[in-house]
Amino acid sequence: MALGAHLCDLDDLDAQGITDVLDTAESMAEILARPIPRVPALRGRTVMLLFYEASTRTRHSFELACKALGADSLSLAAATSSVVKGESLIDTVRTARALGADAVVLRHPASGAARLAATLNLLPVINAGDGIHAHPTQALLDVFTVRRRFGRLAGLQLTIVGDILHSRVARSSALAFARMGVKVVLCGPPTVVPPEAGPALGARVCHDLTEALRGADVVMALRIQKERQDRGLLPSAAEYRALWGLDAGRLAAACPGAVLLHPGPVNRGVELAPELLDRPEAAVDSQVRAGVAVRMAVLYMLLEQGAGAA
Amino acid sequence: MIALSGGCLCDPAQGLWGPADIYIRAGRILAVVPSGSPAPDGAWQVYDCTGRLVVPGPIDTLCRLSPAAEPWREDADTLAAAASSAGYTSLLVYTGSADPDIISGLARVRRPVRLLPVAALSAGDGLCDLGRLAAAGAVAYSDWPEPTSDPLRLRRGLAYAGALGRPVVVHPEDASLAQGGVMHEGSRSFAMGLRGVPGVAEVVAVARDAALQRAFGGRLHFAAVSAAESLPFLGDASASVMAHHLVLTEAAVAGYDTAAKLSPPLRTEADRAALLQAARSGRLLVASGHRPTPPEEKACEYDYAAFGASALETALAVALESLGPEAFVHATSLGPARAFGLDGGTLPPGAPADIAVLDADALWTVRPEAFLSRGRTSPLAGRSVRGRAVLTIVGGEVASGDLDCCIKMH
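From first to last, the protein sequence lines stand for chains A and B. Going by the numbering used here, the first residue of the first sequence is number 4, and it counts up by one from there. Going by the numbering used here, the first residue of the second sequence is number 31, and it counts up by one from there.
Here chain B stands alone, though its shape is the one from the complex (with noise of 0.2 Å):
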């Protein structure tokens, strides 16, 4: 039995804001009192969150892993451990895979963070078996990183998870209109001879998939908008930004640095700013967009270095200073789990106890070679970001965290 005394918490699905103390047993909610009123019965082993945030427990939407067995890769272990080290109590993982068995292993990880499988939705021209794989544990599925180019089976997706009760996840991107491009299409492309993604490529996938879910119904999500332009076009659809884009413009690619290199690109100060907006407005969700890649395929020419980014261990700091304490928990807890349909998101009495308590005012640099991730490579590198995980709390025990900054014991 544990109890974080003293935090700030942020729960805006319950309407509280400030000081709190939060009793948790058997893994779930017990009471959460003003902090200070007198403790329920019980032993408890409490710890002193004085002067920190606390806050649902973060879920990212938008994750990799690859099932692929490489020593260098990043496996479900490095991957968690990353994640919770970072404050996420809970992630998507977009596996790519229609086997049964992979999804079922996945969804069985419960520490340091509770993994979500993500299968994929298509198999060659038809739709994989989203039934044995909503069984198996997958949450939603997706194709992502590809697009899902084919609008008719785009349809069949949307009414079969919608009838499983599981979104789609799309990567909105025309691929006729990408052109293969590297960055985004616009002066700085030109000159520097990279072939750019004009952001139409995203506007007219985000208004043709939102329209076919209109027409169709299903639930649909964007994995990750990156042009302003896309915004208006969003419709009943949830979509996310990863953390990398409400920070970074493509001025980040100068010097053909492939840690920048991401899908979708990274865009113009105009993107950034109306992104920005959106999710502090909480029409958009904040992902990490996580997607290791290794060195080699980092250290060579722009045009052949792989997309993605490191980006479990920045993003929650990016996001809370970014957007703030609610807005944050809006973006990366509770509208992550409604998009989702999953516990989480808000700490009512019985709910799962996963919570994060942070230092919103820790200021550290991002050093990529100290990732707890196996992918190193990140376009934040050199920078200070503010805001840093210091207790992660899952289904009631601790994850991870630097014990000495809050322990006490009564």
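The shape of chain A in the complex, shown without the other chains (with noise of 0.2 Å):
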């Protein structure tokens, strides 16, 4: 379906859904060029940033597109508010539309957090993270960063290597890639890669680096905790390099070219080699710029077009 009330997860866009929210976010991303880069599009209007979850790029990019769409944009992050004393979070979305906000992004640490704040109808709601369930502006922009760079998506490959079984990137990613017609690999240990992940995203699953990188035309890279090696699910970061970190040889196995997208922020030295971001087929810097115009472009769609604005 086209972008419709919410933007909870992939549920919520079909491909042309996902093409509508790249081309307004190519005009965005114009108007970011400017040298002043202002438009009153939203002026008068009022996002409830909401975060229950330390956030500091996604939060600064979502401002930033407030901002150059000329909202208002308020911050209540979880420790500072009456969500520390138990509000649940049915109310606090309740309180954010008395106060008379227009939209509600929400950045919360369970699953499906979005989906149940969005059932309520009382306003937008976007997703800024939910868990480790999605995280949809992610993953548009990182589409539109590759569809940039490529021109086109259909018959590309990504890799997406790390614990993609704590990712909402990867979740989000991988299901809107796959939705544009890009094919998708996932790889890394088998504990944070099982078998169910494979039809659970429409990828395949590969647990070899070398095996999963060959044709590719992007490799995305994951963050990997060190919280997941304490639970026992990675042995160590010694061996989580050695079989699983890339660097310029191993990228050597995919496409000449490939595009390495990383969601930050990046362990260097674990993950990727840190000579990889200094190299050109590095996006993430473009993916950062690429955040303020996607989030510019689902909070216009949502506000100005949206079918849903309560």
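There's no promise every hint is true.
Stated by the list, open to error - Just a few of them, taken from the derived set where beta-carbon distance is under 7 Å, the chain A residues facing chain B:
hint	residue
1	GLY103
2	ALA116
3	ILE135
4	GLU199
5	ALA200
6	ALA203
Stated by the list, open to error - Computed list of chain A residues with no C-beta within reach of chain B, every gap over 12 Å:
hint	residue
7	PRO38
8	ARG60
9	GLY115
10	GLU230
11	GLN232
These are computed hints drawn from the structure, not numbers from a lab. Glycine residues also receive a C-beta, built at the ideal position from the N, C-alpha and C atoms.
Take the two lone chains and join them into the complex the hints point to.
Here's what the structure looks like:
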């Protein structure tokens, strides 16, 4: 379906919906390239940024998107609000609406939290990351970045390397790319890339890095978290680097000039050899820039064109 | 003195299946005769059950009654009213309590259903006072909904409870493999980003506990199984399946529906089909698994929501529609009576007159907001189910029922 009342996960977007967002994001990128990167498209609107989990880049990206569109943004971080006193998510969303918010951007540690907020149907909900489930604006900015590089999507191959199990970025990006005709390969330790990941995300699972990289036009590395090591899912950083760490030699298995994505923040020297980030194939900075344009597009479409603005 | 006339009696233990008249005196069955036979002498208050299904009183093998006293919570009265209206005549209520006074208080309840208290099995590292609890009226012991994780404790519990002639009921789940999961583990849990409980977490617990029972004796009942692969490992133990698991799969969790957050979790279509087959064949009993929760513990993020659903008022309808009358009686009455060593499950002369009269064709829509139970969440909400109790008789007296529907005075 085209983008409707909410953006909770990739269920809210079919291929046409993704294309619409990307096309709108191109216009937004033009605005951002101007000397004064501002338009009054959402003047008078208020966007509540409701963050139950720490985030800097995603929150700042949404704040910049609001600013560029002339909307006011109001940040409610869990630590400084009644959230710590145990107000329920449902009540908090109601409060946001009562305070005059026109949309909520939600980051939350529980999978499905955005869907819960959206079922209230009080105002458009944009998921900025829920648990390990979805991060749709990150997926859209990844697709946007790749479409810009290649001028097309269908027929490309994306290989995602890392802890797929705990990555909302991997889930949303795999689904978004697959929906656009990209072949997706998932690679990493078997403990965090289980067989069911394949059917769940419309992708192929392959635990051997060299084989997984073969034919890849796009390679996405995921951040490896120390906490997973503590839970016995990953033996050690050295072990990970030896088997699944990306460096120039390993990347040679991919297509020449393959684009390198990373949702950040990067653990230099674990999932990526430091020198890779300085190569022209690394698109990490483009991803960050694309993030603002894509989020402008989503906000604009939901608030200005959205069928569901309550 | 009451009589149930003209109903279709299904009493497989006696080989009875057809129109019959049942005469009840002093709380017990006086006679069961082919319909239309002359009545025994006496003044009978006759209930016309023509067109109805008459079955030995259903016994629920799995039903939570929390001792906590918050006003919203299910108490013995609301629980019993809900159960009786649905056709149950006895409930095994899992209290988690090791207090003989609480157990004896519950055991005294005989209207509108008989409450059969299940006491706690273990406290800390040791066993509860199982003998004192038996004397107070406990019919079994269980730590449900917690798994009994320590095999040595289960060994001791089986031996001790076995000597008292009472079963131990376990929730078969290996906590390490379950790792705090909130739904069935598979591609759906992966896509939803929810931690899964693999079927094998149940299978290894079933296999282990059945092996302990074989080795050390005692009587073992599995509170509820959910995985097809558990079935070959049940051994000599009896086992129940929750009625929800006969008609629902993990698909019910779609959209993060907290009403479908159950323990054990709803699993795949293959699991559902295998469980249904095992219930039809008599290998599994069908329990409600009633575990009411306050609304705010369900109106929240799926991860944070409480496990369980309000099930007493839907389970019998689901079981009857899924199994047909004969297997239904096995799974909800005769089987539970045998597994727990209780009176009931059949209606020979002299037996306690615990009987349900059902309208097997009544089609109705599940509306949790209208439940008599204080638990108001059901994964069946909005669904149509077939089968409804019209009269529940406990100890020869009408415990609940729609009297207009079948009363006829002679």
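Hint check: 7 Å Cβ-Cβ cutoff, ALA203 (chain A) to chain B: Constraint on ALA203 (chain A) satisfied, holds at 4 Å.
Given hint GLY103 (chain A) near chain B, where the shortest CB pair must fall under 7 Å: 24 Å, violated
Hint status (Cβ of GLU199 (chain A) to nearest Cβ of chain B, threshold 7 Å): 4 Å, holds
No chain B beta carbon within 12 Å of ARG60 (chain A)'s: The claim holds: ARG60 (chain A) sits with its nearest Cβ about 20 Å from chain B, beyond 12 Å.
Hint validity - ILE135 (chain A) Cβ closer than 7 Å to any chain B Cβ: 4 Å, holds
Non-interface label on PRO38 (chain A), tested against every C-beta of chain B at 12 Å: 42 Å, holds
Residue hint ALA200 (chain A), partner chain B, criterion CB-CB below 7 Å: Result: holds, 6 Å to nearest chain B Cβ.
12 Å Cβ clearance of GLU230 (chain A) from chain B: 14 Å, holds
Least C-beta distance from GLY115 (chain A) to chain B larger than 12 Å: 3 Å, violated
Status of the stated non-contact between GLN232 (chain A) and chain B (beta carbon gap over 12 Å): Consistent with the label, GLN232 (chain A) stays out of reach of chain B, its closest Cβ about 16 Å off (over 12 Å).
Hint status (Cβ of ALA116 (chain A) to nearest Cβ of chain B, threshold 7 Å): Hint on ALA116 (chain A): holds, closest Cβ of chain B at ~5 Å, below 7 Å.
Hint violations for this structure: numbers 1 and 9, all remaining hints satisfied.
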